[in-house]
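Novice: Chain by chain, the residues run as shown.
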Amino acid sequence: MNVRDDLTEAYRLAWEHIAAPGSWFTGAQRVELASTVQLAMVDPDPLPPWVAVTSTDRLPAERAAPDAAHDAAYRIARHAATITDDVHRRFADELGELPYVELCAIVSTVAAVTSFHRNTGLPVPPMPSPIDGAPTREQPAELATATLNWVPVAAPADEVAAVVQAYSAVPGEWVNTWRLADAQYMPEPEMVHPDWTRRPGGLTRAQMELVAARVALLRECFY
Amino acid sequence: MLSWSSTETDERIDLTAVADGCDGVGLEHGDALLRFASACAGDDDAQLAAARAALVGETDEPFMIDAAAVAANFEMMTRLADGTGASMPRDRLDRSATEIATMRIAGVPSHRVGLPVLVIDGDRFDDLAGLADEWSRHLDGHRWRGNLDAFNDILRGGFGTPEGGFVLRWLSADRSRRLLGATLFDTIVEIIRTHGPGGDEAEDGVVLDLR
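Protein chains in written order, with this note's numbering: chain U, 1 to 223; chain B, 1001 to 1211.
The hints are simulated quantities; they were obtained by calculation from the structure and are not laboratory data. All C-beta atoms in this analysis are idealised placements derived from N, C-alpha and C, irrespective of residue type, glycine included. Hints may contain errors.
[Stated by the list, open to error] If you want the footprint, here are the derived chain B segments under chain U, 3+ residues with CB under 8 Å:
1) 1044 to 1057
2) 1068 to 1076
3) 1120 to 1129
[Unchecked claim] Not the full set, but computed from the structure, chain B residues with beta-carbon under 8 Å of chain U:
4) Glu1011
5) Asp1014
6) Thr1016
7) Gly1085
8) Asp1091
9) Leu1180
10) Gly1181
11) Ala1182
The shape of chain U in the complex, shown without the other chains:
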């Protein structure tokens, strides 16, 4: 199967990104959390939303990342639509607001890579080997409280769409996410063009939005 070069490269960089130290988690913790995300996505007997995965025997006994991070990773990966502000606050209180944002980005990145390969029938690439190093602690010069998101964002808040600013408090995750979106969906500047298509004979904009709407509906994602 001939996958577009830009897609192949975006997924390769996404896996490399997962393996590297983030702002708040080490590479080893990130890869471990990515494995929990994959477990949640393909779990043949998924846990209900209210059961913490760390209260079961489904994860390795020795874990580098905090239990709350694994519990949040499983729940967001499998039951994202059940996350309420109370649930977010409970996890963020344990992990910290910015580590919580990084965790969401690990989940959404792994969801993208895993889904694409399953959707096309290609094997999901094996988990990358963690890259040594301490978390970078990178964050924007100024954070702001958003009205369009629960999580803090890079100041100024609410000047772009909620999904665009969602990861802005963890810059590395923001870059990785929008690199993936450019390749999977469309480059951001093209969003305003209803007749944009990637190539002659490719999906029209309406066909793309049909796929997007159906997936979001089945995931019970209002946004």
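Chain U is fixed; fit chain B onto it per the hints.
Specialist: Just chain B now, with coordinates in the frame of chain U:
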């Protein structure tokens, strides 16, 4: 975005077909795309393989790959949006009221706007009779005595629960499941879900929030 893009390009889309996942969407290759997108978001690998093959047969492999990538993108974006509590500005919601109603998505938990919340506190009862008392607090001049058929009727409305849907927030749900027994608890949950997103009577707008 679906409604906007199709309107701008003069393509007629049946949003009800999109919501129901049935044929008659109205776009070129729309039905094959819809079946493929549904299978991408499902758990059935055989169904996905069949939908993928059908789409390739109707279009070509690069087209299917592009569709698979868009589906993957929205597996990413739904986690992003729901993990970070992303919401839309009020004016945009108001402009999209027709589409929201047609797609029957007002009641999904991630709407995060405005549905009244009725609470069942699992710490306040130990058995079905206690659950009946707890639930009856929300009924106006009526009392539920624990009959499951009656419970099903009540969720259709007209017994004092909010018109237009509500969130049924069940606190200490794991305790209730333990004390009521998994079979009874799961049956009650199944009844409630019939009246919410994805259920046969989704128009009742009952959103179950188990905690």
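Novice: Now tell me if each hint is right for this structure.
Specialist: Cross-check of the supplied hints:
| no. | hint | in the structure |
| --- | --- | --- |
| 1 | 1044 to 1057 | holds (count 4) |
| 2 | 1068 to 1076 | holds (count 9) |
| 3 | 1120 to 1129 | violated (count 0) |
| 4 | Glu1011 | holds (5 Å) |
| 5 | Asp1014 | violated (11 Å) |
| 6 | Thr1016 | violated (12 Å) |
| 7 | Gly1085 | holds (3 Å) |
| 8 | Asp1091 | violated (12 Å) |
| 9 | Leu1180 | violated (15 Å) |
| 10 | Gly1181 | violated (16 Å) |
| 11 | Ala1182 | violated (11 Å) |
In this structure, the hints that do not hold are numbers 3, 5, 6, 8, 9, 10, 11, in rising order.
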